[in-house]
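These are the residues of each chain, in order.
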Amino acid sequence: MRKLQFHPCGSFKTSYQQDLNIFSTDFGRLWMGISIVLLFGVVPFISSAYILYVVNNIGIYAIAAVGLNLLIGFTGQISLGHGAFFGVGAYAAAILATKGGFPFFLAVPIAGVVSAAVGMVFGLPSARLKHLYLCIATLAGQFIIEYVLVQWEGLTGGAQGIFVPSATLFGINLGNDRAFFYVIFGCFVLMTWIAVNLIRTRIGRAFIAIRDNDRAAEGMGIPVFPYKLLSFAISSFYAGFAGALFAFYTMSITPEPFNLWLSIQYIAMIIIGGLGSIPGSVFGVIFIVTLNEVLSHATEYLMNVGVSTGVAITIAPLREFVYGLAIVLFIIFEPKGLAEVWRIVRSNFRLWPFSY
Amino acid sequence: MDFFLQLLVNGISLGFLYALSALGFVMIFKSSSVLNFAHGELMAIGAFLFLALSAWADLPIVLAFALTLIGSFTLGFILEKFFLRPLIGEALIQVIMLTLGLALMFRGLLLFIFGGDIHDYPKFLPEALSMQWGAIQIPAVYVAAFIIGILFLILFGLFFKYSSQGIYMRSVADNQPAALSLGVHVRRVFALSWAIAALVCAMSGIVLGIINGINVHELSSIGLKVFPVVILGGLDSIGGAILGGVIIGLLETFTGGYISTSLREIIPYIVLIFILMVKPYGLFGLVEIERV
Chain C
1 MRKLQFHPCG SFKTSYQQDL NIFSTDFGRL WMGISIVLLF GVVPFISSAY ILYVVNNIGI
61 YAIAAVGLNL LIGFTGQISL GHGAFFGVGA YAAAILATKG GFPFFLAVPI AGVVSAAVGM
121 VFGLPSARLK HLYLCIATLA GQFIIEYVLV QWEGLTGGAQ GIFVPSATLF GINLGNDRAF
181 FYVIFGCFVL MTWIAVNLIR TRIGRAFIAI RDNDRAAEGM GIPVFPYKLL SFAISSFYAG
241 FAGALFAFYT MSITPEPFNL WLSIQYIAMI IIGGLGSIPG SVFGVIFIVT LNEVLSHATE
301 YLMNVGVSTG VAITIAPLRE FVYGLAIVLF IIFEPKGLAE VWRIVRSNFR LWPFSY
Chain X
357 MDFFLQLLVN GISLGFLYAL SALGFVMIFK SSSVLNFAHG ELMAIGAFLF LALSAWADLP
417 IVLAFALTLI GSFTLGFILE KFFLRPLIGE ALIQVIMLTL GLALMFRGLL LFIFGGDIHD
477 YPKFLPEALS MQWGAIQIPA VYVAAFIIGI LFLILFGLFF KYSSQGIYMR SVADNQPAAL
537 SLGVHVRRVF ALSWAIAALV CAMSGIVLGI INGINVHELS SIGLKVFPVV ILGGLDSIGG
597 AILGGVIIGL LETFTGGYIS TSLREIIPYI VLIFILMVKP YGLFGLVEIE RV
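Chains C and X, in that order, are what the protein sequence lines are.
Residue numbering for the first sequence follows this note's numbering, beginning at 1 and increasing consecutively.
Residue numbering for the second sequence follows this note's numbering, beginning at 357 and increasing consecutively.
Among the hints, erroneous ones may be present.
Calculated pairs, DSS-like style, for lysine-lysine (alpha carbon to alpha carbon, straight line, at most 27 Å) [what the hints assert, rightly or not]:
hint, chain 1, residue 1, chain 2, residue 2
1, C, LYS13, C, LYS336
2, C, LYS99, X, LYS635
3, C, LYS336, C, LYS99
4, C, LYS336, X, LYS635
Which residues of chain C face chain X? A few of them, derived with a C-beta cut under 10 Å, are [as the list claims (entries may be wrong)]:
hint, residue
5, TYR16
6, GLY100
7, PRO103
Derived DEER-like restraints, expressed as beta-carbon distance ranges [as the list claims (entries may be wrong)]:
hint, chain 1, residue 1, chain 2, residue 2, range
8, X, PHE359, C, PHE102, 41 to 51 Å
9, X, VAL634, C, ALA117, 47 to 57 Å
10, X, SER389, C, GLY219, 53 to 63 Å
11, C, ASN213, X, PRO478, 35 to 45 Å
12, C, GLY219, X, GLY569, 49 to 59 Å
13, X, ALA447, C, TYR50, 47 to 57 Å
14, X, ARG441, C, TYR301, 54 to 64 Å
15, X, GLY569, C, ARG202, 34 to 44 Å
16, C, LEU291, X, ALA447, 54 to 64 Å
17, X, ASN568, C, ASP19, 32 to 42 Å
18, X, ASP473, C, TYR50, 52 to 62 Å
19, C, SER48, X, PRO495, 55 to 65 Å
Read the hints as simulated data drawn from the structure, not as lab findings.
The C-beta atom is built at its ideal place from N, Cα and C for all residues, glycine as well.
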């Protein structure tokens, strides 16, 4: 048996291979194994229907957020249209399933590919634009896609939306939350595994080089534009894939949820989680989804308990306020996000009691 | 022909509104290169402050107006001091998300205090301002908006060209380290430019409120319309903001009048993508050439 690895009390890496390792110690590997077993073996059985619904939503959003982090956190291209790409995936899956009669396991990846194609179209301006210009271009993309989803009634059903038939996989009906839980988190683990490993490859290093300094990257022979486009494609694929799962999970979709607000939420997730950190994007999703649920429960509670419903209705907009406040506070006090908080907590435990 | 002329007049007046709301945006960008997504909310704050002072507190119009300007000037100062100063030197995405977060906070607060309904100002503009020209008539508010727009253009043009603060602002926008080393108080310039921008936002919010009634949702969506306007005109050009506003306004009314009303809302963004592909620095923007 090979020697177990523990945390050294400094950085003693002697090769690039050690730097590329995902798990620096065997404990990390062990904890990852334990948490996966807990996730699949325990969570779906102990949670109530409502908790399971929230957890499923977290899984779906986490896939899309990981994709967005690849684009913003690793390639440095800001996109304000991620919610729209998510919507494109949802609609593509719904149309494929209802009009094309595609089975679930084909419709979801094809929806991802459709979304990737759309994402590449809106990534095209990145050939000439950077920074805030690109950001505004993707904002325009968001509005245009929203408009198409509402107006192209022949295909998308307009404001009424589409009813999606319940999904079946290998003869098993995925109509209930628990069955869908396994599908979502199976996909989530797979997609996260791909993302984590993608960053360690040539492509991932090219992304990081472009983020850090695009001129230097060009000088080192990295074809900047193709890689930017690839990053847009991969990120939109993730969004489309998650959107397709969302469509099959909610069973009926309208253009309404895929608005600018959703895109902002996605960016909030990865900023609060931590830019350029895959676990961070998952933390961010958990934080935002939980915050959403807590806030909507709080307003509901006030509406039932409050002196009159009038008070509760006026309190409802405070949700938006709290949401904005959370974003602002995170950016000012912990710009590196929850991933950094997590790192600090861990290293405190590791170095205790001699933290210097 | 009358229809065409009416559309033309409507378009130009709408365009002036856009131009007016773009002014504050350009102010901020010109001096601190911050893309302000809370722009519509800043306008709404100004508009509601004026409403509260003039209609609810029953102050005379001139006093209420002056107090609103002072209030929003202070607000801009506070915003810069507490929220944007810690972010100097941070990545663009952080600054964008901060202004988005601020936008959410403001919108939540305004909805909490004033609700989502449309409010109206008491009438105070003299009817003599309205113009009648053949079959076309221009209401007094549009004339007032036009006058305010021109006045601001001239005032800010003079301010940036001749006053020492204006020259400091331009120097900071052009090259921050150089301005610092020449003894420009960069932080004060930032604070001042946010304060002035908030003041301009309040002005345009009030004018928009006089025309359409004040509504939080409406004003915040106009805040996003500013992007096509400023990109078309050039992000750092005040004259460009006016021309861009008029072009976008005309485009909107003509699309709405001749093609389809649903396309009207989206046409500025389609044009925006097109401009970004062809001439990203707009009509009068400062061209920075980078070949990567």
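Query raised in the report: Do the numbers back the hint for PRO103 (chain C), that is, is its least Cβ distance to chain X under 10 Å?
Result: Check failed: Cβ of PRO103 (chain C) comes no nearer than 35 Å to chain X, outside 10 Å.
Report task. With a cut-off of 27 Å on the C-alpha distance, tell me whether LYS99 (chain C) and LYS635 (chain X) pass. Result -> 41 Å, violated
Requested in this report: Check the following: the C-beta atoms of ASN568 (chain X) and ASP19 (chain C) are separated by a distance inside 32 to 42 Å.
Outcome: This hint is violated: roughly 58 Å between Cβ atoms.
Query raised in the report: Does GLY100 (chain C) pass the interface hint, meaning its C-beta sits closer than 10 Å to a C-beta of chain X?
Result: Violated: closest Cβ of chain X sits about 28 Å from GLY100 (chain C), beyond 10 Å.
Report task. Using the Cβ atoms, figure out if VAL634 (chain X) sits within 47 to 57 Å of ALA117 (chain C). Result -> The hinted range 47 to 57 Å is violated for VAL634 (chain X) and ALA117 (chain C), with Cβ atoms some 23 Å apart.
Query raised in the report: Could one say that the CB atoms of GLY219 (chain C) and GLY569 (chain X) fall in the range 49 to 59 Å?
Result: Cβ of GLY219 (chain C) to Cβ of GLY569 (chain X): about 56 Å, so the range 49 to 59 Å holds.
Query - 27 Å limit on alpha-carbon distance, applied to hinted pair LYS336 (chain C) and LYS635 (chain X) - result: 35 Å, violated
Query raised in the report: Range hint 41 to 51 Å: satisfied by the CB atoms of PHE359 (chain X) and PHE102 (chain C)?
Result: 49 Å, holds
Query raised in the report: Does TYR16 (chain C) pass the interface hint, meaning its C-beta sits closer than 10 Å to a C-beta of chain X?
Result: At 27 Å from the nearest chain X Cβ, TYR16 (chain C) fails the 10 Å test, so the hint is violated.
Requested in this report: Determine whether the Cβ-Cβ distance between ASN213 (chain C) and PRO478 (chain X) falls within the hinted range of 35 to 45 Å.
Outcome: Given range 35 to 45 Å: violated, Cβ gap about 57 Å.
Query raised in the report: If you check the beta carbons of SER389 (chain X) and GLY219 (chain C), does the distance land in 53 to 63 Å?
Result: 25 Å, violated
Query raised in the report: In this structure, is the beta-carbon distance linking ASP473 (chain X) and TYR50 (chain C) contained in 52 to 62 Å?
Result: 34 Å, violated
In this structure, the hints that do not hold are numbers 2, 3, 4, 5, 6, 7, 9, 10, 11, 13, 14, 15, 16, 17 and 18, in rising order.
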